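Listed below are the residues making up each chain.
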Amino acid sequence: MSALIEFQGFNKFFGEQQVLKDVDLKVAAGEVVVILGPSGCGKSTLLRCLNGLEQAHGGHLRLAGQELLDPRTDWREIRQRVGMVFQSYHLFGHMSVIDNLLLGPLKVQKRERAEALAQAEALLARVGLLDKRDAFPRQLSGGQQQRIAIVRSLCMNPEVMLFDEVTAALDPEMVKEVLQVIQGLARDGMTLLIVTHEMAFARAVADRIVFMEAGRILEQGDPESFFTQPRTARAQQFLEKFSFVESLPKTLHKELS
Amino acid sequence: MPSSASELLLQALPQLAGGAAQTLAISLLGILFATLGGVLYGVLATLGNRALNITLQVYLELFRAIPVLVWLYLVFFGLPIFFALSIPSFWCAVLVLGLWGASEVGEVVRGALRSLPRGQREAGLSIGLAGWQLYGYVLLPQALKRMTPPTINIYTRIIKTSSLAVLIGVVEVIKAGQQIIERTYESVLIYGALFLFFFIVCYPLSAASRVLERRWAHS
Chain A
9 MSALIEFQGF
19 NKFFGEQQVL
29 KDVDLKVAAG
39 EVVVILGPSG
49 CGKSTLLRCL
59 NGLEQAHGGH
69 LRLAGQELLD
79 PRTDWREIRQ
89 RVGMVFQSYH
99 LFGHMSVIDN
109 LLLGPLKVQK
119 RERAEALAQA
129 EALLARVGLL
139 DKRDAFPRQL
149 SGGQQQRIAI
159 VRSLCMNPEV
169 MLFDEVTAAL
179 DPEMVKEVLQ
189 VIQGLARDGM
199 TLLIVTHEMA
209 FARAVADRIV
219 FMEAGRILEQ
229 GDPESFFTQP
239 RTARAQQFLE
249 KFSFVESLPK
259 TLHKELS
Chain B
225 MPSSASELLL
235 QALPQLAGGA
245 AQTLAISLLG
255 ILFATLGGVL
265 YGVLATLGNR
275 ALNITLQVYL
285 ELFRAIPVLV
295 WLYLVFFGLP
305 IFFALSIPSF
315 WCAVLVLGLW
325 GASEVGEVVR
335 GALRSLPRGQ
345 REAGLSIGLA
355 GWQLYGYVLL
365 PQALKRMTPP
375 TINIYTRIIK
385 TSSLAVLIGV
395 VEVIKAGQQI
405 IERTYESVLI
415 YGALFLFFFI
425 VCYPLSAASR
435 VLERRWAHS
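Residue numbers (the working numbering), protein chains in the order written: chain A, 9 to 265; chain B, 225 to 443.
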């Protein structure tokens with residue numbers, strides 16, 4: 009199987025500091041890859057490079073065999089094929105929900121309004137927000153805004169979706185509704201690259217876990233083996249931090265004055 | 225000689241109206257160029273291009289540091305000498321007011337664009353918008369609320385500053401008034417009329433600016 013996305017010897021610097029070091033990663037079409045790692049390990053940067061929001065500095069990055077680090081790359085075309093959803097949704101505040109969804113299809117892809125509208129409404133219905141069609145972003149909860157942001161990307165009919173900590177800014181009760189939408193996409197066989205701190209979700213949705221630290225991929229593998237027996241000490245420490253809270257013992261002998 | 229104030233004003237009216245038309249024409253054209261130039265300045269200043277930013281900074285500082293009157297003289301007397309280029313005084317005034325206004329409006333537009341969350345730009349790019357579409361559909365419409373009130377205030381300053389055009393020979397409303405005063409010695413009456421003229425033109429603008437500022441402060 010040839011890879012849909014391929015990072016090869018990929019390097020990225022912020023000034024002097026190297027944030028991605030010699031990254032090799034292949035993602036097959038239809039695969040769901042979840043990238044885990046401590047804050048600042050470069051996992052978000054990796055996604056942003058794939059969308060052309062960050063400039064790469066070396067190596068190769070290919071999408072369906074096409075080299076993206078070629079200076080002649082038309083990023084506008086690539087971005088239509090690679091959708092991206094951000095931590096803080098970034099809906100366009102001056103537009104209604106439906107206008108947010110139609111901007112790309114109508115202005116970038118020059119599609120027929122009726123056809124784009126039908127698709128947008130069908131997707132809205134799918135995420136349970138058809139009744140918010142004419143609402144403005146500020147009238148919606150965080151979870152609703154994030155689901156709209158996902159639909160905004162889906163309306164471009166992308167081949168790949170990138171999720172950059174999309175539940176990190178949400179209240180706990182809204183995380184579920186967003187994760188359900190993402191899991192639905194995974195079930196439909198869409199290629200997904202997900203950066204998240206929701207360990208249970210990662211385990212449930214991923215075909216493969218990629219663990220990064222300090223700009224490198226330390227290990228990757230299927231979720232069951234990663235979560236039950238991580239191969240590297242760093243991954244083990246990382247997972248322990250997350251299980252620490254769950255297994256925190258009850259506070260006893262509290263002094264009440 | 226006219227016997228009463230009202231009779232005198234009535235007689236002076238055509239001449240004053242002619243001057244007022246010149247003032248309004250210079251101001252409106254100046255405002256038009258200031259707005260177009262200011263939006264262009266604001267967009268260019270937020271592209272993140274170093275050379276461009278330095279150029280704009282030099283332009284801005286030149287218009288901040290040098291009085292508009294000196295610019296008027298430079299353009300009106302300087303261009304024919306240094307570039308053998310002679311521009312009618314009316315268009316000199318429009319040009320200087322437009323360039324000066326563009327630097328002022330441009331800073332307002334730049335500030336309004338920069339105050340938008342960075343994510344708006346990235347979200348726009350991520351759905352494949354071209355640069356001009358990003359500004360046209362996403363960034364400028366959202367910056368509009370923040371930039372409109374201060375921009376209207378700049379408009380009133382352009383209108384008031386247009387009176388400097390008298391010094392390069394444009395017969396605008398103040399010059400017209402002075403000509404009437406030279407003939408009739410009715411300085412209080414004429415300057416009173418000029419006061420009313422500028423107040424009637426500028427007050428609604430600054431009032432509108434204040435109303436918009438208050439209304440949009442909450443959204």
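Watch out, some of these pointers could steer you wrong.
To be verified - Taking lysine-lysine and the DSS-like style, the derived pairs with C-alpha atoms no more than 27 Å apart in a straight line are:
#1 B:K369 with A:K140
#2 B:K384 with B:K399
#3 A:K115 with A:K184
#4 B:K399 with A:K115
#5 B:K369 with B:K384
What the hints contain is simulated information worked out from the structure, not anything from laboratory work. Since we're looking at a predicted model, the values are computed, not measured.
Structure-based check of all given hints:
no., hint, verdict
1, B:K369 with A:K140, "25 Å, holds"
2, B:K384 with B:K399, "14 Å, holds"
3, A:K115 with A:K184, "32 Å, violated"
4, B:K399 with A:K115, "52 Å, violated"
5, B:K369 with B:K384, "24 Å, holds"
Hint violations for this structure: numbers 3 and 4, all remaining hints satisfied.
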